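Peer 1: Okay, here's what each chain looks like letter by letter:
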Amino acid sequence: MKTTKWLVPTIYILFLLLPIYWLVSMSFKSTNEILGSFTLWPQNFTLENYITIFTDSTWYMGYFNSLSYVSINTILSVAVALPAAYAFSRFHFMGDKHLFFWLLTNRMAPAAVFALPFFQLYSSIGLFDTYIAVALAHTLFNIPLSVWILEGFMSGIPKQLDETAYIDGYSFTRFFIKIFIPTILAGIGVALFFAFMFSWVELLLAKTLTAVHAKPIAALMTKTASSSGYELGLLAAAGSLTIIPGAIVVYFVRNYIAKGFALGRV
Amino acid sequence: MNKTTNQKAWIFLAPVLILVAFNAFIPLMTVINYSVQETFGNNYFFWEGLTWFENILHSERFHNSLIRQLTFTFTILLIEIPLGVAIALAMPTKKGIWLSICLVTMSLPLLIPWNVVGSMWNIFSLPEIGLLGKLLNSLGFDYNYTRQIGDAWFTLILMDVWHWTSLVVLLSYAGLVAIPDAYYQAAKIDGASAWSVFRYIQLPKMKRVLTIAILLRFMDSFNIYTEPFVLTGGGPGNSTTLLSIDLVKLALGQFDLGPAAAMSLIYFLIILLASWIFYTLMMRNEEE
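Listed in order, the protein sequences are those of chains A and B. For the first sequence, counting from 1, position 92 maps to 91 in numbering that gives the first Met the number 0; every step adds exactly one. For the second sequence, counting from 1, position 187 maps to 186 in numbering that gives the first Met the number 0; every step adds exactly one.
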């Protein structure tokens with residue numbers, strides 16, 4: 000049994016990589032090759048699809064737009080979640096349990112329910128088609144998630160840490176910034192990662208709230224698929240490029256990712 | 000942890016409450032407002048009371064979408080949870096390059112934008128030019144997910160298993176590595192079989208993370224929109240039109256705001272009720 004144990008993850012990983020391989024392989028093929036014949040790997044290797052993306056500003060600006068609203072959202076969500084998570088992990092107060100559940104309900108609201116009202120809300124305050132609109136809209140599910148993860152990590156830190164600091168004459172703000180934040184750095188990293196992840200993959204709201212100036216890259220893809228015929232190679236190249244940011248980020252948090260998915264509660 | 004009672008804690012929560020309330024309350028009020036009125040454009044509204052709610056609850060279209068949604072959610076839960084646990088049990092326990100490879104590649108599907116996941120599977124499954132489609136057809140299956148309902152469902156479920164099983168794997172893995180070595184040593188001394196180690200040590204220790212996994216998978220699969228929309232567009236016919244797809248069709252396609260709003264609220268309430276049950280279970284586990 001011991002000798003075949005590696006087989007299960009290996010088969011699973013191969014299954015995960017197959018569709019990704021197909022997408023990446025297609026991105027190096029010309030449209031003629033894709034539609035004309037069935038080939039397992041690119042016969043006439045071409046970089047044309049990638050060149051199109053990096054020279055056409057509507058394409059590469061799509062990446063810039065996505066990364067802009069994702070960054071604003073990630074930092075904002077974790078920054079406001081920090082004090083809230085601290086309060087939940089350290090204090091009892093009126094309605095704390097209900098509030099915690101209410102926060103979670105926002106994580107489970109279907110985006111489809113909010114698409115139209117969000118469009119009207121952000122149009123009426125003049126933020127439609129800006130990075131800020133998408134960044135703010137995504138806080139709806141990223142703040143509850145960050146609060147949950149951070150609360151889990153903070154509850155693992157004994158309260159004596161706070162008490163000792165106060166005895167040593169630290170004010171709350173100084174204690175929080177100088178001692179507490181460095182102690183839960185791993186938790187903050189995980190929260191940042193998850194906020195990044197969910198803002199990066201969500202598209203229904205991002206698409207609804209943007210038109211031209213803040214259009215995310217992944218939404219440009221669907222537009223290309225329908226408007227300019229069926230340029231599969233270009234579509235595949237754009238898709239392949241959206242995998243890279245996630246792959247880079249996950250490499251750095253790989254040792255904490257499992258604990259993060261457990262919302263810091265392991 | 001013994002917490003102190005402190006009502007000033009609300010100050011710490013103020014920024015979160017302002018932001019979430021802005022994003023949650025105003026849109027929710029808009030939805031409630033629409034759900035009880037009829038509009039004929041030009042901002043003329045007429046009071047309709049609970050008519051829309053009655054219509055939706057009695058409409059066959061809603062029943063069918065709900066049945067499809069429940070079928071989808073329970074099917075993927077039945078596949079992903081046991082499969083995820085099985086893979087987590089076979090994960091390497093020692094730190095090293097093999098573990099890093101497992102963790103990074105398994106996380107990859109979770110980090111791909113949802114419509115790229117849809118496009119990827121669309122391309123992967125096309126009967127003529129996709130690897131999966133070509134393979135199934137050359138093996139003698141008459142596979143075409145754009146025309147045959149069974150094939151569309153097969154592809155949809157396979158896509159979701161591909162996309163989200165890793166979440167269950169990572170959660171179960173987190174639960175497994177938290178078990179102290181002493182437990183296994185004790186089991187060894189007692190001569191426990193692999194099954195009883197799983198049944199009496201690993202499974203109870205994974206209970207908490209598995210509850211989170213089921214909660215997250217339930218919520219997210221119930222809300223799923225982008226991936227099936229890009230993959231099948233809800234077709235062929237309406238055969239893969241899940242709740243969210245149906246809702247967007249009603250709201251943005253037909254612009255029937257009243258019925259769409261009523262449907263939104265019913266939809267939200269179903270998720271809320273189910274999640275509350277899971278949440279209560281989870282909190283009970285936590286207190287144990």
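Quick caveat, the hints were computed from the structure, so don't treat them as lab data. Treat the hints loosely; a few may be bogus.
[What the hints assert, rightly or not] Ranges of calculated distance between the beta carbons of each label pair, as one might list FRET restraints:
(1) Pro157/A <-> Ile156/B: 27 to 33 angstroms
(2) Val103/B <-> Ile124/A: 39 to 45 angstroms
(3) Ala210/A <-> Arg60/B: 44 to 50 angstroms
[As the list claims (entries may be wrong)] Calculated cross-link-like contacts (lysine-lysine; reagent style DSSO-like; alpha-carbon spacing at most 27 angstroms):
(4) Lys248/B <-> Lys177/A
(5) Lys187/B <-> Lys204/B
(6) Lys206/B <-> Lys187/B
(7) Lys96/A <-> Lys248/B
(8) Lys7/B <-> Lys4/A
(9) Lys93/B <-> Lys177/A
(10) Lys158/A <-> Lys248/B
(11) Lys206/A <-> Lys248/B
Computed from a predicted model, the values in this text were never measured in an experiment. Idealized CB from N, CA, C, for every residue including glycine.
Peer 1: Take the hints in turn and mark each one as holding or not.
Peer 2: Hints, one by one, checked against the model:
{"no.": "1", "hint": "Pro157/A <-> Ile156/B: 27 to 33 angstroms", "in the structure": "violated, 45 angstroms"}
{"no.": "2", "hint": "Val103/B <-> Ile124/A: 39 to 45 angstroms", "in the structure": "holds, 41 angstroms"}
{"no.": "3", "hint": "Ala210/A <-> Arg60/B: 44 to 50 angstroms", "in the structure": "violated, 31 angstroms"}
{"no.": "4", "hint": "Lys248/B <-> Lys177/A", "in the structure": "violated, 52 angstroms"}
{"no.": "5", "hint": "Lys187/B <-> Lys204/B", "in the structure": "holds, 18 angstroms"}
{"no.": "6", "hint": "Lys206/B <-> Lys187/B", "in the structure": "holds, 22 angstroms"}
{"no.": "7", "hint": "Lys96/A <-> Lys248/B", "in the structure": "violated, 37 angstroms"}
{"no.": "8", "hint": "Lys7/B <-> Lys4/A", "in the structure": "violated, 53 angstroms"}
{"no.": "9", "hint": "Lys93/B <-> Lys177/A", "in the structure": "violated, 34 angstroms"}
{"no.": "10", "hint": "Lys158/A <-> Lys248/B", "in the structure": "violated, 52 angstroms"}
{"no.": "11", "hint": "Lys206/A <-> Lys248/B", "in the structure": "holds, 16 angstroms"}
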